[in-house]
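Engineer: Chain by chain, the residues run as shown.
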Amino acid sequence: MNIAKSIGKNGIVRFLKRDWGKRSVIGIPYFFLIMLFTVPFLVVLKLSVSETDGIHFEDLTSYADGIFNIKIKLSNYIFLGTDPLYVETYWSSIKFAAINTVICLIIGYPFAYFMARSPASMRPALLMLVSLPFWTSYLLRVYAWKGLLDDNGVFNNLLMWMHLIDQPIKMMYTGFSMTIGMVYTYVPFMILPLYSNLVKMDLRLLEAANDLGATPWKAFWLVTVPLSKNGIVAGAMLVFIPSVGEYVIPELLGGPSTLMIGRVLWDEFFSNNDWAMASSVAVTMVGLILIPLAIFNKYQADSGGVRGV
Amino acid sequence: MNSKLGKTWLFAGYVFLYLPIITLIVFSFNDSKMVTLWGGFTFKWYGVIAHDTEVVDGFILSMKIALMTATASVVLGMLAAFAMVRYKSFFGRTTFSAHINAPLVVPEVITGLSLLLFFVMCERLFGMPERGIFTIWAGHTSVGMAYAAVVIQSRLLEMDKSLEEAAMDLGCRPFQVFYLVTLPLIVQSIMAAWLLTFTISLDDVVSTAFLSGPGSTTLPIVILSRARLGLDPTVNAIATITVAVVAVGVLASSLWLSRQERRRVAEQSAAYREGMLVAIEA
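Protein chains in written order, with numbering that gives the first Met the number 0: chain D, 0 to 308; chain G, 0 to 281.
Certain hints may be false.
One-sided and incomplete, this derived list gives chain D residues near chain G with beta-carbon spacing under 8 Å [unchecked claim]:
#1 L35
#2 M114
#3 P118
#4 A119
#5 W134
#6 G146
#7 I168
#8 M170
#9 Y172
#10 G174
#11 P241
#12 V243
#13 E245
#14 W265
If the Cβ cut is set under 7 Å, some of the chain G residues that face chain D in the computed set are [to be verified]:
#15 S113
#16 V176
#17 F177
Counterexamples of contact, computed for chain D against chain G with all Cβ distances above 10 Å [to be verified]:
#18 I33
#19 L46
#20 T135
#21 D149
#22 M161
#23 E206
#24 P225
#25 V232
#26 S278
Calculated directly from the structure, the hints in this document are not laboratory data.
These numbers come from a predicted model, not from an experiment.
Glycine is no exception: its CB is placed at the ideal position from the N, C-alpha and C atoms.
Bound conformation, chain D alone (with noise of 0.2 Å):
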């Protein structure tokens, strides 16, 4: 009787010490996420149907004799969806995001391929040399491209002083000058995850595969690609999506012609000032890439994440 009682007893102070530290584990980072990320998302939501005086923002809600208002305001998103300029800019947007996916996927596989079948000795070397330019700063890696595509850069330098060109090429401020910037920055989170995949795969199948009579190359098609598609998801997503709403490389490297909608959105708010329409972009921007965000947000559910530089 005793025994049980304090059997009993432990267990639900046990219970309830457990209970508290388990709450305490989910709650509090789930609490700054919710107040640094939803709700600021949804204040950009709000602000972008309310009706606006300069950076003074209405109520979507009113209550006046007896009626109850709700006031929202869709001509920032008419504007958005009929605007030729706007509408130009998503497509461009979403063009060079998908260019620079495919061309890193084209210049990523197989440098991730050749690294995961190099000799084991030399492959944390490896790794690390393709993670280290994470840690120095994207900004200036971006910067750095301004000095090499210039009209008086290296590459034209180079060029000229070899006789190969009289007239500087005009590599800068064009959609050339943009994308080398994409990809530039963009290929090591395509070959991160390429790599770790890779590098898991049972090479027993490929020796299955020759002797079942396929050639190297049939293998490689049929046996290692399919093997490694979540690889090429988890390096598209990571690729795809910051790349459509890019800011700094559009502003350092592309010119008047190459439109990027992050670029549009910090215009409007930093130039134009217009708040609402700023969020407006944000939200449209949102919508463009939460398919892509869907995938990539089940990827890393499932694989426990790829990010670990």
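Once you've looked at the hints, dock chain G against the given chain D.
Structural biologist: Coordinates of chain G only, in the frame set by chain D:
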């Protein structure tokens, strides 16, 4: 695939990754206003930035914010990682994991704008916070804690849980288990997460631009405003200093981590041998 192609591809890839960084460094020693034409070797740009108050003040502010961000991110990220790994079912777990993964990829213009508008709303309702070091810190931490959570989470997932269970069986309290068993096992990933969030904060420019107020200009904002105008040798000098600091930091921390790892392995095998001896004697 043949190894010659492989070696060429890897070599070309590394050249692509490092060429811009190398040119940045080389041209920081260039004695010519034209950044891309070589005019002789000089240290003068380092002297110029040492007396440039905008750069020095920006650097000090950036360091302060990065220290605060890294520390807060690691604490919150560790809690989030524990929540994800240890509790397989709780109310809102799917949303929780989406909240951790989304900040890794969502474009910074969105997070920056939304946090700014949120803070502006708070300021109107409660009269605080003013835009400045606090708001920048909050913005960096919201992204930093997600990175820290992912790094620590992957370490927790591969950790042997039976070690914690053994400690619990031997009478450790939950807090003791954490302090004596779990923490030493994940300390490397905590260090890595701290360094990663530190550099992310030190480097961040987009959300900082949204969240900074008058008088809180960080170093990346100074760099961006100069880089926009064109090539500037002082930017190259700043770049060279950061590369040097990072190289030393990464080298030192990887040496420290590998020593830690060797010591852990040695301790483990010593404990194992001792255990075997005890078993044989018994």
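Engineer: All hints are to be evaluated individually against the structure, with a verdict given for each.
Structural biologist: Here is what the structure says about each hint:
no., hint, result
1, L35, "holds (4 Å)"
2, M114, "holds (7 Å)"
3, P118, "violated (10 Å)"
4, A119, "violated (15 Å)"
5, W134, "holds (5 Å)"
6, G146, "holds (5 Å)"
7, I168, "violated (14 Å)"
8, M170, "violated (13 Å)"
9, Y172, "violated (11 Å)"
10, G174, "violated (19 Å)"
11, P241, "holds (5 Å)"
12, V243, "holds (6 Å)"
13, E245, "holds (7 Å)"
14, W265, "holds (6 Å)"
15, S113, "holds (4 Å)"
16, V176, "violated (11 Å)"
17, F177, "violated (9 Å)"
18, I33, "violated (7 Å)"
19, L46, "violated (6 Å)"
20, T135, "violated (5 Å)"
21, D149, "violated (6 Å)"
22, M161, "holds (16 Å)"
23, E206, "holds (15 Å)"
24, P225, "holds (17 Å)"
25, V232, "holds (13 Å)"
26, S278, "violated (7 Å)"
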